[in-house]
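Trainee: Let the hints inform the model, and build the full structure from the sequences given.
One letter stands for each residue in the lines below.
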Amino acid sequence: DQQVKQNSPSLSVQEGRISILNCDYTNSMFDYFLWYKKYPAEGPTFLISISSIKDKNEDGRFTVFLNKSAKHLSLHIVPSQPGDSAVYFCAAYGTSYGKLTFGQGTILTVHP
Amino acid sequence: DTAVSQTPKYLVTQMGNDKSIKCEQNLGHDTMYWYKQDSKKFLKIMFSYNNKELIINETVPNRFSPKSPDKAHLNLHINSLELGDSAVYFCASSLRDGGFYGYTFGSGTRLTVV
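Those protein sequence lines, which keep their order, are chains A and B. According to the numbering used here, the first sequence holds residues 1 to 112 in order. According to the numbering used here, the second sequence holds residues 1 to 114 in order.
Hints may contain errors.
As the list claims (entries may be wrong) - Pairs of lysine-lysine residues, derived as DSS-like cross-links and limited to a Cα-Cα distance of at most 27 Å, are as follows:
#1 Lys5/A - Lys37/A
#2 Lys71/B - Lys52/B
#3 Lys37/A - Lys44/B
#4 Lys5/A - Lys44/B
What the hints contain is simulated information worked out from the structure, not anything from laboratory work.
Mentor: Now the structure itself:
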């Protein structure tokens, strides 16, 4: 039972344009949503998070949007840079569960 | 100075062997975790420990046994290794509530069982 889903296995974007990565979830009890970035042969690195009581959180080039009614969140990267090429994981955290539940990841490729 | 370090980074072993993966964090975090990334790239939690106490034990075979000698260390011992255990294992740590600030992950241990 996959509670967090990233339906796009890959995304290709031109440098300087916007990258939009999407994530859906099924459990309305999640309290936080997070995005992680992963390079090959490295562990996931925390990027940005959002509380379930917010609808937007911004940090530099990264913005996360949360639509609770649709159980959907997205990560916007503007402008995209070649160094952003990596696998992006969406994750959700429920305080009562005490664990991060991950989506299956989206491979982002930013072309120069 | 690596925040969460795992050793070894690569481990190739034969079926039936017993092996251990070590993890140490120097962040002063209360909670540590083991995650498994399988061939389909899903990251799934196996165990979590808070201050040496087992908190989460997902549906994992008994052949997997975590051990936490202190809150900075969480080791994973695997008995009677099987082909299906081949995966990348990630250690992570967090403050008690890992929600907003997330977890800090190690760089992973790629286990290959032949």
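Trainee: Quick check: which numbered hints come out false for this structure?
Mentor: none
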